[in-house]
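Q: Each chain, written out:
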Amino acid sequence: MAQLFPRGSNAFARISIVVVLVVVGTGLTILLNTNRLHYTTDVQVARKQPVPFSHKHHVTGVGLDCRYCHTSVEESSFANIPPVETCMTCHSQIWTESPLLEPIRESYRTGNPIEWVRIHDLPDFVYFNHSIHVHKGIGCQTCHGQVDQMPLMWKVNTLNMEWCLECHREPEKFVRPREEVFNMAWTPMDERGHAVSQALLGAQLVQDYDINPSTDCSTCHR
Amino acid sequence: MSNRKLASGIKLLSGVAHPARWLVVLALFMAIGCEGTTDIERLRQEMYNQSRFEPLEKNSFFSDNRSSRPWIKGTVARGHLRTDAHLYTGIVDDKPAETFPFPITRNVILRGKERYNIYCSPCHGYDGDGRGMVVRRGMKQPPSYHIERLQNETPGYFFDVMTNGFGAMYSYASRIKPRDRWAIIAYIQALQLSQNATLDDVPADVRQRLENE
Chain A
1 MAQLFPRGSN
11 AFARISIVVV
21 LVVVGTGLTI
31 LLNTNRLHYT
41 TDVQVARKQP
51 VPFSHKHHVT
61 GVGLDCRYCH
71 TSVEESSFAN
81 IPPVETCMTC
91 HSQIWTESPL
101 LEPIRESYRT
111 GNPIEWVRIH
121 DLPDFVYFNH
131 SIHVHKGIGC
141 QTCHGQVDQM
151 PLMWKVNTLN
161 MEWCLECHRE
171 PEKFVRPREE
181 VFNMAWTPMD
191 ERGHAVSQAL
201 LGAQLVQDYD
211 INPSTDCSTC
221 HR
Chain B
1001 MSNRKLASGI
1011 KLLSGVAHPA
1021 RWLVVLALFM
1031 AIGCEGTTDI
1041 ERLRQEMYNQ
1051 SRFEPLEKNS
1061 FFSDNRSSRP
1071 WIKGTVARGH
1081 LRTDAHLYTG
1091 IVDDKPAETF
1101 PFPITRNVIL
1111 RGKERYNIYC
1121 SPCHGYDGDG
1131 RGMVVRRGMK
1141 QPPSYHIERL
1151 QNETPGYFFD
1161 VMTNGFGAMY
1171 SYASRIKPRD
1181 RWAIIAYIQA
1191 LQLSQNATLD
1201 DVPADVRQRL
1211 ENE
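Chains as they are written, first to last, in the numbering used here: chain A, 1 to 222; chain B, 1001 to 1213.
Chain A with its partners taken away, still in its complex shape (with noise of 0.2 Å):
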């Protein structure tokens, strides 16, 4: 009987397999990580907002500390987005011609609120809260990163679970002393002033803080 198949069959289903097992593994790489993805997580996109609010301007131009703003970041799970009266403490002095303020002007006439987008949004199946971090030493440029020098907000972490874990294994990486945590410039250091590692005083501090992150899935899922 003839052949049915020529000699290079093999070859070819060989290679086919190996092709198969490429395309799929591929396939497979970018499904999972498109959670990953700048595109799917928004990092680094700035969006344009009603009125072009800079807080490079307001935070390393005027001086002014995140809670004059923010103010119930301390206290709440929600940090407060400021009411236009908060802008108007100065901009009903300041300013006040300015075309690219009539909106907050407008809004603080009529009561209509202003409409920000929202840059930062977890799930609504996740529960978070800035109070406890805040009081453990986690500071605001740990999560939201050189908001001093942002014209435009954007994201610097995904928010993904995987990045709320990364940290609550491991908090020693990141905590620093409470009275720094709304400081944008800090980088570790003894009472003194001196440099110090991350680890030794990261330590120290899960110690002095009594920190204890849960992986729980009911701290988050709740």
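Calculated directly from the structure, the hints in this document are not laboratory data.
Note that this is a predicted model, so its numbers are computed, not measured.
A portion of the hints provided could be inaccurate.
Claimed, not checked - In silico DSBU-like cross-links for lysine-lysine, where the CA-CA straight-line distance does not exceed 30 Å:
id, chain 1, residue 1, chain 2, residue 2
1, A, Lys56, B, Lys1058
2, B, Lys1058, A, Lys48
3, A, Lys56, B, Lys1177
4, A, Lys136, B, Lys1113
5, B, Lys1113, A, Lys56
6, A, Lys136, B, Lys1140
7, B, Lys1140, A, Lys56
8, B, Lys1058, A, Lys155
Said to hold, decoys possible - Derived, one-sided and incomplete: chain A residues facing chain B with beta-carbon distance under 7 Å:
id, residue
9, Val62
10, Ala79
11, Ile81
12, Thr89
13, Gln93
14, Phe125
15, Tyr127
16, Phe128
Beta carbons: idealized from backbone N, C-alpha and C, even for Gly.
Given chain A, work out where chain B should sit, using these hints.
A: For chain B alone, kept in the frame of chain A given last:
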């Protein structure tokens, strides 16, 4: 495509030859499968964005689109009845209070310092001279705390300025809790003392050192 449509589809096909019929039925099932994923997709979306409101989330039910409703005048939240006039209004016997409603300790002053630096220093400056960062950018300059009139003012007067605003200065009542307002006043008084101290205020041992220098 709904299941009812599928059933009527099968009925329609009952005349068609066997193998072809099953192929079409299979295709229909696959179509349902696809619809199934979009259902899951939608459910997933609903888990991400559930029908409850986060703070300040938009709610088009109300004409001003706010889910966080403003307070109705006169309502008092449970446990928030403000009966202590001295603490909450700074007024005693129809006059601005001349005393503090609670003892001033070192911790109160430190708390006051922290709050002062957050909320007042942008305009009044870190030492209270009225030349803060915003003033240098064109804000009306407030008077220094170290002028004689303000040095002689009562704590109750300062409380009133913070609570109700004063001229070009807005009220800070929504941002600073009453106890913190008193703490700030205690710190301002400490600033006033520090800026107007004489050599006689310095403890004897330190004074000796200063005089030697």
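Q: Flag every earlier hint the structure violates by its number, smallest first.
A: 6, 10, 15, 16
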